[in-house]
Amino acid sequence: MPPASSVAERAPDPDVPVDASISLASTGGRRGDSIFRLVALAAGLLVLVVLAGIAFATTRQAWPAFSAEGIGFLTSSDWDPNNGKFGALAFIWGTLLSSAIALVIGVPISIGIALYTNEMAPRRLRRPVTYVIDLLAAIPSVVYGLWGVLVLAPNILPVYDSINSAVGDVPGLSWLFGGKASGRSFMTAGLILAIMIIPIVTSLSREVIATVPRSQREAAYGMGATRWEMIRSAVLPWSRGGIVGATMLGLGRAMGETIAVALVIGSNAQITTHLFSPGDSMAGVIANQWGESSGTYSAALIGLGVVLFAVTILVNVIARRVVRHFDERLKVA
Amino acid sequence: MTAETPPEPEDLPMTADAPSPTLDETVGDHHAPVPEAHEPHLEPKVVFDVQDLNVFYGAFKAVRDVNLNIHQHEITAFIGPSGCGKSTVLRCFDRMNDLIESARVEGKVLYHGVDLYDARVDPVEVRKRIGMVFQKPNPFPKSIYDNIAFGPRLAGMKDDLDDRVEKALRQAALWDEVKDRLKKSAMGLSGGQQQRLCIARAIAVEPEVVLMDEPCSALDPIATARIEDLMQEIKSEYTILIVTHNMQQAARVSDRTAFFTTEVNPEGDHRTGVLVEYDSTDKMFSAPSDERTENYVTGRFG
Chain V
1 MPPASSVAER APDPDVPVDA SISLASTGGR RGDSIFRLVA LAAGLLVLVV
51 LAGIAFATTR QAWPAFSAEG IGFLTSSDWD PNNGKFGALA FIWGTLLSSA
101 IALVIGVPIS IGIALYTNEM APRRLRRPVT YVIDLLAAIP SVVYGLWGVL
151 VLAPNILPVY DSINSAVGDV PGLSWLFGGK ASGRSFMTAG LILAIMIIPI
201 VTSLSREVIA TVPRSQREAA YGMGATRWEM IRSAVLPWSR GGIVGATMLG
251 LGRAMGETIA VALVIGSNAQ ITTHLFSPGD SMAGVIANQW GESSGTYSAA
301 LIGLGVVLFA VTILVNVIAR RVVRHFDERL KVA
Chain G
1 MTAETPPEPE DLPMTADAPS PTLDETVGDH HAPVPEAHEP HLEPKVVFDV
51 QDLNVFYGAF KAVRDVNLNI HQHEITAFIG PSGCGKSTVL RCFDRMNDLI
101 ESARVEGKVL YHGVDLYDAR VDPVEVRKRI GMVFQKPNPF PKSIYDNIAF
151 GPRLAGMKDD LDDRVEKALR QAALWDEVKD RLKKSAMGLS GGQQQRLCIA
201 RAIAVEPEVV LMDEPCSALD PIATARIEDL MQEIKSEYTI LIVTHNMQQA
251 ARVSDRTAFF TTEVNPEGDH RTGVLVEYDS TDKMFSAPSD ERTENYVTGR
301 FG
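Protein sequence lines correspond, in order, to chains V and G.
Using the working numbering, you'd call the opening residue of the first sequence number 1 and step up by one each time.
Using the working numbering, you'd call the opening residue of the second sequence number 1 and step up by one each time.
Honestly, I wouldn't trust all of these hints.
Selected chain V positions facing chain G (in silico; Cβ < 8 Å) [what the hints assert, rightly or not]:
#, residue
1, 218
2, 224
3, 225
4, 226
5, 228
6, 229
7, 233
8, 237
9, 238
10, 242
Distance ranges between label pairs, derived from CB positions [said to hold, decoys possible]:
#, chain 1, residue 1, chain 2, residue 2, range
11, V, 132, G, 119, 31 to 37 Å
12, G, 181, V, 128, 44 to 50 Å
13, V, 128, G, 43, 55 to 61 Å
14, V, 123, G, 181, 40 to 46 Å
15, V, 17, G, 217, 40 to 46 Å
16, G, 101, V, 236, 42 to 48 Å
17, V, 123, G, 217, 27 to 33 Å
18, V, 13, G, 179, 49 to 55 Å
19, V, 17, G, 299, 45 to 51 Å
20, V, 207, G, 52, 41 to 47 Å
21, G, 106, V, 173, 47 to 53 Å
22, G, 179, V, 132, 50 to 56 Å
A short list of chain G residues far from chain V (calculated; beta carbon distances all over 12 Å) [claimed, not checked]:
#, residue
23, 51
24, 64
25, 72
26, 177
27, 252
28, 263
29, 276
Source of the hints: derived by calculation from the structure; they are not laboratory data.
Virtual Cβ for every residue (Gly too), placed ideally from N, Cα, C.
Let's have the full structure, built from the sequences with the hints guiding it.
Structure representation (structure tokens):
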């Protein structure tokens with residue numbers, strides 16, 4: 001046979017007879033594939049349609065408030081429904097601050113629990129610990145809120161007061177811990193939110209950590225790493241992207257949390273860095289004021305919902321970028 | 001490979017140091033030149049003396065009654081069929097079996113006379129002196145530089161880190177390929193480069209021993225040949241143990257070969273790994289004294 005320059009140019013070899021009994025044409029078994037593809041596509045599109053529908057309907061309902069206030073809806077903190085003033089900045093601040101507190105407290109604890117259950121705990125303790133943490137997620141948020149307002153707020157006020165009197169005048173620290181302490185405050189809301197996001201952040205982090213290849217652990221141990229050095233050099237770098245993702249999901253949960261925050265944040269809209277001061281959040285004010293609102297007031301509350309929606313999406317987009325950034329930097333070239 | 005390989009190691013007296021209680025006292029300047037090790041008819045120094053080693057995973061006895069000596073500045077190959085316990089034995093030399101919860105070791109692994117399984121021995125210290133290269137290249141998702149610097153940093157060797165990294169990469173025959181991209185992720189290297197990186201990482205702390213667990217099984221023949229050349233290059237400074245599925249590789253690179261196989265245990269319910277024969281590689285492949293070895297090395301494995 002002469003050397004073929006390319007497969008495409010070669011005619012079928014006449015010496016090889018065609019066996020007519022062999023049919024490689026489709027036997028129709030692929031219809032299932034196309035049906036499945038349509039169903040999956042419809043399911044995927046449905047999510048987008050619902051999302052777009054919600055965004056559109058709420059924006060339209062909120063339009064009277066948006067058009068009345070203009071950009072002031074986002075940049076003013078003057079919320080005075082009786083005089084038709086709807087500036088949401090203080091609520092936006094409250095949502096961001098309480099969620100940030102929740103992350104600062106909740107994420108390290110969650111990573112600690114995840115590392116403990118995956119790396120340190122004796123085998124017989126792993127399941128019970130995991131189970132109890134998951135159980136936290138099953139507690140209704142109103143129960144957290146009631147516990148926060150009835151138990152946590154009064155009991156933690158003395159702690160706030162002593163921190164306040166200890167470091168409330170220290171430059172720098174006074175920025176966070178100054179002002180008059182209140183049981184219902186940004187800090188209390190942040191604490192409750194921290195407890196509420198721990199289950200989801202823990203369970204996602206745990207799953208990410210469990211995917212760290214054994215070969216990575218062995219690489220570190222093989223070099224004479226202690227357990228902590230192994231965790232720091234093999235487990236955490238490998239799972240960093242996933243842990244950031246878990247954190248962002250926790251952040252989404254914290255920002256959207258309504259009733260628990262409404263009960264403990266103090267319902268006193270103000271922009272301050274004093275963590276022990278009362279404040280208010282977007283979701284909280286909607287829950288607290290919806291019943292007494294009408295007209296433009298209602299539109300403004302719906303507008304808060306739209307802003308919350310937008311902020312949440314924004315945070316998620318940023319989170320995805322961050323995750324991708326970490327993954328690209330660490331796992332590929 | 002080398003003609004200097006002394007004959008009949010079993011018949012020669014052991015030259016292990018007198019037992020001493022801690023690792024620190026025993027590891028001297030093992031990187032100092034050891035000319036006598038390469039002169040013919042002189043038994044090289046014994047690094048490891050394995051005595052009646054038994055390894056269990058839970059109730060399952062994986063390896064039974066292994067006795068052998070590992071000699072300094074030689075390449076010792078462990079060969080045998082799957083499940084014969086050769087990797088398990090290799091992992092006893094740096095206590096990597098400790099990481100498997102159910103694993104249990106009986107017997108002694110004397111490292112310059114110190115039992116690695118003595119209660120006072122810290123496995124972390126053992127692994128700092130005895131490097132390991134694994135079956136699959138496993139660089140950290142960090143830069144090439146940080147991969148090599150990992151061991152020295154752990155060991156507190158902070159001085160001249162750049163020189164140390166360069167030396168390790170040169171020894172691993174990787175320097176010319178990566179010197180312009182040291183800050184780039186190691187994950188971007190090819191499989192063969194990654195494995196040489198892992199060897200460089202292991203030798204950056206200048207361990208006395210390098211354990212290699214099927215280091216070429218994930219590599220193509222060209223990358224394999226480079227690793228084999230590299231082993232020959234560095235063996236004057238390191239004692240190398242290699243587990244391999246590839247008999248030709250053992251024949252090519254090693255000075256001594258240990259053949260393991262499996263035997264049905266007396267209860268007849270499972271198979272346990274045993275050391276069949278351990279001798280100079282030349283003899284193992286030309287005139288093995290055990291029929292099972294001969295069947296294996298000639299490809300008539302039964």
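Against the structure, the hints come out as follows:
1. 218: Hint holds; residue 218/V Cβ to chain G Cβ min 6 Å, cut 8 Å.
2. 224: 3 Å, holds
3. 225: Check passed: Cβ of residue 225/V comes within 6 Å of chain G, closer than 8 Å.
4. 226: The hint holds - residue 226/V has a Cβ within 8 Å of chain G, the shortest such distance being about 5 Å.
5. 228: Violated, about 11 Å.
6. 229: 6 Å, holds
7. 233: With a minimum Cβ separation of about 6 Å from chain G (threshold 8 Å), the hint on residue 233/V holds.
8. 237: 6 Å, holds
9. 238: Holds: closest Cβ of chain G sits about 6 Å from residue 238/V, inside 8 Å.
10. 242: 13 Å, violated
11. 132/V with 119/G: 31 to 37 Å: With a Cβ separation near 35 Å, residue 132/V and residue 119/G satisfy 31 to 37 Å, so the hint holds.
12. 181/G with 128/V: 44 to 50 Å: 48 Å, holds
13. 128/V with 43/G: 55 to 61 Å: Holds: the Cβ-Cβ distance is about 57 Å, inside 55 to 61 Å.
14. 123/V with 181/G: 40 to 46 Å: 42 Å Cβ-Cβ, so the 40 to 46 Å window holds.
15. 17/V with 217/G: 40 to 46 Å: 44 Å, holds
16. 101/G with 236/V: 42 to 48 Å: Because 22 Å falls outside the window, the suggested range is violated.
17. 123/V with 217/G: 27 to 33 Å: 31 Å Cβ-Cβ, so the 27 to 33 Å window holds.
18. 13/V with 179/G: 49 to 55 Å: 52 Å, holds
19. 17/V with 299/G: 45 to 51 Å: With a Cβ separation near 40 Å, residue 17/V and residue 299/G fall outside 45 to 51 Å, so the hint is violated.
20. 207/V with 52/G: 41 to 47 Å: 43 Å, holds
21. 106/G with 173/V: 47 to 53 Å: Given about 59 Å between the Cβ atoms, the range is violated.
22. 179/G with 132/V: 50 to 56 Å: Roughly 52 Å apart at Cβ, these two residues keep to the hinted range, so it holds.
23. 51: 24 Å, holds
24. 64: 25 Å, holds
25. 72: 21 Å, holds
26. 177: 14 Å, holds
27. 252: 25 Å, holds
28. 263: 28 Å, holds
29. 276: Correct as stated: the minimum Cβ-Cβ distance to chain V is 28 Å, above 12 Å.
Hints 5, 10, 16, 19 and 21, counting from the list given before, are not met by this structure.
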